[in-house]
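With the sequences and hints as input, model every part of the structure.
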Amino acid sequence: MADAGARHWSAYREFWRLNFLTLMEYKVNFFIWLAFTIVYHGVALGAIWIMMSRFPSMNGWHWQQVFFLYALYMLGHTLNNTFFFTIGEVPDLVREGRFDRLLVRPLDPLFQVLSQPGQIWPDELVIALIVFILAQGAVHLQWSSSTVVLLVLATLGGAYIDFAIQLIIATLSFWVVRLDALRWVVMSLENDFTRYPLSIYNRAVRIMLAYVFPFAFMNYFPATVLLHKSAEVGYTFNPQLGWLTPVVGAVWFAAAYSFWRLGLNKYQGTGS
Amino acid sequence: MAAAINMIIQASHLTKQFKSVRRKEGVLGTLATLFSHDYEFKDAVTDVSFDLEPGELVGYIGPNGAGKSTTIKMLTGILVPTSGHCTVNGIVPWQDRQANGRGIGVVFGQRTQLYWDLPLVESFRLLKAIYGVSQASYDRHLKKFSELLGLDEFMRTPVRQLSLGQRMRGDFAAAMMHEPAVVFLDEPTIGLDVVAKEAIRNFIASVNKERGTTFILTTHDLNDVEKLCARIILIDHGRKLYDGSIDAIKKRYGPNRLLTADFLTDAAGVDIRMPGVAVLERDGQRIRLEFERERVRADELIVALSRQADLKDVTIAEPELETIIRQIYERGLDRSGPAPQ
Ligand SMILES: Nc1ncnc2c1ncn2[C@@H]1O[C@H](COP(=O)(O)OP(=O)(O)O)[C@@H](O)[C@H]1O
Ligand SMILES: [Mg+2]
Chain A
1 MADAGARHWS AYREFWRLNF LTLMEYKVNF FIWLAFTIVY HGVALGAIWI MMSRFPSMNG
61 WHWQQVFFLY ALYMLGHTLN NTFFFTIGEV PDLVREGRFD RLLVRPLDPL FQVLSQPGQI
121 WPDELVIALI VFILAQGAVH LQWSSSTVVL LVLATLGGAY IDFAIQLIIA TLSFWVVRLD
181 ALRWVVMSLE NDFTRYPLSI YNRAVRIMLA YVFPFAFMNY FPATVLLHKS AEVGYTFNPQ
241 LGWLTPVVGA VWFAAAYSFW RLGLNKYQGT GS
Chain B
1 MAAAINMIIQ ASHLTKQFKS VRRKEGVLGT LATLFSHDYE FKDAVTDVSF DLEPGELVGY
61 IGPNGAGKST TIKMLTGILV PTSGHCTVNG IVPWQDRQAN GRGIGVVFGQ RTQLYWDLPL
121 VESFRLLKAI YGVSQASYDR HLKKFSELLG LDEFMRTPVR QLSLGQRMRG DFAAAMMHEP
181 AVVFLDEPTI GLDVVAKEAI RNFIASVNKE RGTTFILTTH DLNDVEKLCA RIILIDHGRK
241 LYDGSIDAIK KRYGPNRLLT ADFLTDAAGV DIRMPGVAVL ERDGQRIRLE FERERVRADE
301 LIVALSRQAD LKDVTIAEPE LETIIRQIYE RGLDRSGPAP Q
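Here the protein sequences line up with chains A and B, keeping their order. Residue 234 in the working numbering is what sits at position 234 of the first sequence, and the numbering runs on without skipping anything. Residue 311 in the working numbering is what sits at position 311 of the second sequence, and the numbering runs on without skipping anything.
If you are wondering where the hints come from, they were derived from the structure by calculation, not from laboratory data. Quick caveat, the model's predicted, so the values are computed rather than measured. Accuracy of the hints is not assured; some may be wrong.
Rough simulated footprint, nothing fancy, chain A against chain B, three-plus residues with beta-carbon under 8 Å [unchecked claim]: (1) 72–79; (2) 93–100; (3) 103–116.
DSS-like mimics (lysine-lysine), calculated; alpha carbons at most 30 Å apart, straight line [as the list claims (entries may be wrong)]: (4) A:Lys266 / B:Lys42; (5) B:Lys19 / B:Lys42; (6) B:Lys197 / B:Lys143; (7) B:Lys144 / B:Lys250; (8) B:Lys251 / B:Lys209; (9) B:Lys19 / A:Lys266.
Computed footprint of chain B on chain A, listed as stretches where at least three residues anywhere in the stretch have a Cβ under 8 Å from a Cβ of chain B [claimed, not checked]: (10) 4–15; (11) 94–102.
For glycine and all other residues, C-beta sits at the position ideal for the given N, C-alpha and C.
Structure representation (structure tokens):
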């Protein structure tokens, strides 16, 4: 057991070394990615700004608070992207038959997927931190030890929620060859609906974002705690719900991981 | 079964049936596919059993789609069989994939495990970490493999710039870095030129001899098998047809030798009536015969021929494994056997 742990750890370091070497091989690529990341989040923030300049307040949330909402989402999301980005490659690995290789090595297959060279760099996480620093200033966030604890829990839990959903989609590729469309739908659901307070949506969307794809736990519920918002117009919930993000993350991850294990035993590969 | 304990691979009644849903397009199609019960079934491997002793070098052969790769995937733990059982190094491969992974090496001819963008040596370093190979063994293996496979000249070249032959040599070294007791080779020489094929065959033979590594290799190049393997397992349509030595299959299913005789005069008048001999063709001064090795002695046949006309030259050929196996596939195992009258 100890031996397996040591091998996983030294393999992880080696994977990151290769990752770095690959990066050196494709420096231009790195800057293209960086520019893309900045533009991507810039566009999202721009859209929020345009929207908020029309409605000075959205269900009691003014623009600084909506900005903060996005910044909080970015923390969890980019943490997931930094460490677990390559989960999105599982459908390609399966389709191209490269997944087979991961099953004949003495390392956990999910670990291998996540440590593949080709993952991106902490650039996105750094951008998220900068955005967050600006956003917490804009809302005059009151710092205390419980603020710090909640932020850490929300970021970690949020990353796990994000990851769990990606893991479920990745696992589906053991059964279904073409998943691009489904993945795209879930990703846009996540991107679009996490930008604004949950309370502005109708009941069906709220249920979906709280219970089915629990993205609301990545930012909305923790933000209501941090910004001292309780029940909102037309939407009531326990104001302490924001503390549950790590629990939701853990439960969803556990469920997603069991599904993944099941998928591994049903794995059929491709006929080549 | 005391003997069975010594077996390094034991496969009993391995069966794999692929089950797939008829596909539909789009998001809704994807969702529909998940819940659909419109299945297609494909019997890829049916009831295949065999045992391998440590140090054996076995050719697993069959035509395209016979089920070779599927068998290898079950033995390596990639696929869970639909029914049946197997152990490799005493481990059930799909039940404990990590333990299994430490004791086996796998080469897929069509697919590399090397990192495309990086120099070859970087992939080796990664494998060293993955398998927990000590620095001393790593250095020793690398030196040895470089000698046998000539890796030195392209060790620092990015894999994407290697020729197929060089890449395959790299893949072989990669699969052996942790000294696996059993190595699975799925079409290892596919697409290679003669020189690279030869290098790889020599490598396999030498590792097998020196370390006693067990090999099972699938191929449809029977030259690989004839050069390397004493034993073959033949499958078709997912079922085992033959399991035994190459010599035995030649004796049993290729009992005939070929004789070509060239005469100084026209061969039209030559007629041989001996039991176990059949004339295949006559062509001017040449005649081709087939005769049963067990019944007819070659020297007697030649004497009989020389009585009929003046002989210029005679050649005798053994049946080719390829011909025998083609006959087995075409006619089935029972009917391909003896013998023309
Ligand atoms: N993942 C899969 N799904 C469905 N059918 C498959 C799959 N893999 C292989 N097959 C089918 O099983 C049969 C055996 O395939 P395979 O083991 O790859 O044959 P071989 O390696 O001898 O050419 C073929 O008919 C092939 O189409
Ligand atoms: Mg095959």
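Hints, verified against the model:
no.: 1; hint: 72–79; result: holds (count 5)
no.: 2; hint: 93–100; result: holds (count 5)
no.: 3; hint: 103–116; result: holds (count 7)
no.: 4; hint: A:Lys266 / B:Lys42; result: holds (15 Å)
no.: 5; hint: B:Lys19 / B:Lys42; result: holds (7 Å)
no.: 6; hint: B:Lys197 / B:Lys143; result: holds (21 Å)
no.: 7; hint: B:Lys144 / B:Lys250; result: violated (36 Å)
no.: 8; hint: B:Lys251 / B:Lys209; result: holds (26 Å)
no.: 9; hint: B:Lys19 / A:Lys266; result: holds (10 Å)
no.: 10; hint: 4–15; result: holds (count 8)
no.: 11; hint: 94–102; result: holds (count 4)
Checked against the numbered hints given earlier, this structure breaks only hint 7.
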